[in-house]
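Each protein sequence line maps, in turn, to chains A and B.
In this text, residue positions in the first sequence follow the numbering used here: the first is 1, and each later residue adds one.
In this text, residue positions in the second sequence follow the numbering used here: the first is 1001, and each later residue adds one.
Note that these hints are calculated values from the structure, not bench results.
Glycine included, C-beta positions come from ideal geometry on N, C-alpha and C.
Hints may contain errors.
[What the hints assert, rightly or not] In silico contact screen, one side only, chain A against chain B (beta carbon under 8 Å); selected entries:
#, residue
1, G16
2, G52
3, R55
4, A56
5, G58
6, F69
7, Q101
8, Y102
[Said to hold, decoys possible] No farther apart than 25 Å at their CA atoms in a straight line, the calculated lysine to aspartate or glutamate pairs in the DMTMM-like style are these:
#, chain 1, residue 1, chain 2, residue 2
9, B, K1111, A, D1
10, B, K1111, A, D29
11, B, K1061, A, D40
12, A, K9, B, E1088
13, B, K1108, A, D71
14, B, K1111, A, D40
15, B, K1049, A, D29
16, B, K1049, A, E82
17, B, K1115, A, D99
18, B, K1108, A, E53
19, B, K1108, B, E1088
20, B, K1068, A, D29
21, B, K1061, A, E82
22, B, K1068, A, D40
[Claimed, not checked] Covered stretches of chain A, going by a simulated chain B footprint (3 or more residues, C-beta under 8 Å):
#, stretch
23, 9 to 15
24, 29 to 43
25, 76 to 87
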Amino acid sequence: DSGVTQTPKHLITATGQRVTLRCSPRSGDLSVYWYQQSLDQGLQFLIQYYNGEERAKGNILERFSAQQFPDLHSELNLSSLELGDSALYFCASSVGALDTQYFGPGTRLTVL
Amino acid sequence: AQSVTQPDIHITVSEGASLELRCNYSYGATPYLFWYVQSPGQGLQLLLKYFSGDTLVQGIKGFEAEFKRSQSSFNLRKPSVHWSDAAEYFCAVNLNYGGSQGNLIFGKGTKLSVKP
């Protein structure tokens, strides 16, 4: 158990819908990262937050957004969902940007 | 652009045999290097990491990895594979500079199967 929690574990929804994925980092970690794992793209970095502020953006679509709250938990919002958004979404946390990242169990999103 | 290459998509080894998984990176300096393992339906578990210092690093579950700067490689090894090692293994780099700090770049992964 990495100490990073993600909810829900599974999510099934329809195209055009909007969903919210939630992540609670390890106690003491200030950085939160979101990654997407799909069969064709592999594991890709989406976005990073540090202590409530956005730090870096990767290959995140404009339809996707995230935020980190004062209690340091983070949410990833995915809207106008398309079939191609079906993937495993991981959250990771670390103390700082260059420290080891610990991954949560992931949320498997299926868009029908 | 920075990249991580794991040339072997799938490897099958016999239980008790030795294992080496290859990883090469493309980057102008020495990044921070990691190996993660993912069992089916599970998240990513850290096996080991290299930041600096001794180029041979020990990890959990009997794994070790050697950083070779001249070859831009960070290969993962285990002297004797157990059936429970069957999983997918990912090499990753953390670009330790500027605005890219924290972004892990992953290889495509190597799936390990273990024959009894």
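Against the earlier hints, flag every one the structure doesn't satisfy and list their numbers going up. The structure breaks hints 1, 2, 6, 10, 11, 13, 16, 17, 18, 20, 21, 22, 23 and 25; every other hint is satisfied.
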